[in-house]
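With the sequences and hints as input, model every part of the structure.
Number of protein chains: 2
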Amino acid sequence: MKTLVIVAHPEFSNSSTQHFLKEAVDPYDDVTFHVLKTPLNVAHEKELVQSHDRLIFQFPFYWYSAPAILKAWIDDVLTDQSPNKELGLVVTIAVREAAYQAGGEIGFTVSELLRPYEALAKAKKWHFLPSLPIFKFAYMSDNEQLRLAIRYQRYCLQSADRRLLDRENWAIQELGRLVTETTDNHNRRRKALLESLLLELEDKKDERLELEALLQPFREEDLYGG
Amino acid sequence: MKTLVIVAHPEFSNSSTQHFLKEAVDPYDDVTFHVLKTPLNVAHEKELVQSHDRLIFQFPFYWYSAPAILKAWIDDVLTDQSPNKELGLVVTIAVREAAYQAGGEIGFTVSELLRPYEALAKAKKWHFLPSLPIFKFAYMSDNEQLRLAIRYQRYCLQSADRRLLDRENWAIQELGRLVTETTDNHNRRRKALLESLLLELEDKKDERLELEALLQPFREEDLYGG
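If you read the protein sequences in the order shown, they are chains S and C. Per numbering that gives the first Met the number 0, the very first residue in the first sequence carries number 0; after that it's consecutive. Per numbering that gives the first Met the number 0, the very first residue in the second sequence carries number 0; after that it's consecutive.
The calculated lysine-lysine pairs, modelled on BS3-like cross-linking and capped at a C-alpha distance of 27 Å, are: (1) C/1 with C/45; (2) C/45 with S/36; (3) C/135 with S/124; (4) S/36 with C/36; (5) S/21 with S/190; (6) S/135 with C/123; (7) S/135 with C/124; (8) S/123 with C/135.
Calculated from the structure, these hints are not laboratory results. These numbers come from a predicted model, not from an experiment.
In structure tokens:
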């Protein structure tokens, strides 16, 4: 599966969030991290769409939707049939999550505000993935940022129908890789964090597998659904 | 009250709907019909916002939101405080109304898809007016088009708290003016339609006033609310 991350950010070079996300998927050949620039080369953009299976619109929430350049891209590039795509949204949001609810400061959920993209996917008969909103990145602890990096990699790379076990193995494998790669002395703190996350995850997996073995006799079907 | 109609349409000059709407408010000095063009002169746009009380975003529904130029306008122009505005939306839609419902072809209501604009108004503490969606203008009869013209004029000109009686008088007055102004021989059909609409409306008003007089003794408060 090939994934095209379509980044709409008028100040990409100043965005630490965007650089963090870019770095998280840099090692993966199956992910094309594509920052939109004006003027759009429509023919080239169409080729990019054709040659990828999953499209991810990635943008900061500006007045509850994407910056204008993404709308220009949608209107100008998505004019042809392109069957069998998946569409995901990675939205960076500077406001705390609790503001996005009925009675909250914003008054609407992020899902409600993203309906136009959901309707686009529906019209195109594309599979619309659960969105990945990123709230207040600047206030995240190192630990939270690492968890986000793993989650984002999965969002870009993992097929939509993967089961819990696959997700678990994926995370363990990726964390192991990151631990191995983190050798620089400046990253000692990061390495320690990665190692503790990895141990935590392996513990959780053991615990879960024990529980699963205990439950197995009582269940006909696979515990994790079909 | 001064109204700024902010029109976002990449092919304005080819749009018969937009020309129809422009013509409907041409006689009114209190309405500024403003077609967006790139590049935006942000300072001038900000002045326009400051000097009007009601802002109306008017656009064709492209993939369930406005064309990119309106998003650029929102992101670039609405950077300052501008208290006490009203925000209305006039959205032209090429698909039939029934498609916009749960289980319908689009699967979402127009109101759901317009949430980002509602959230914008909420964040700005502006009064968000009920939207005016215009479905399948090209298929409207002359009669329907005339009703739309009156409705659109009210949408641009009438204050949001006007009562039924005011709306009635407004429509009668405007229809009367249109009948008087329609002298060209080419418009005989239009004039006949206007006259029949006017008679219908005056009949309805008489009927309503009779009913109101009958009901008055039974009611303490004004029939049309405070």
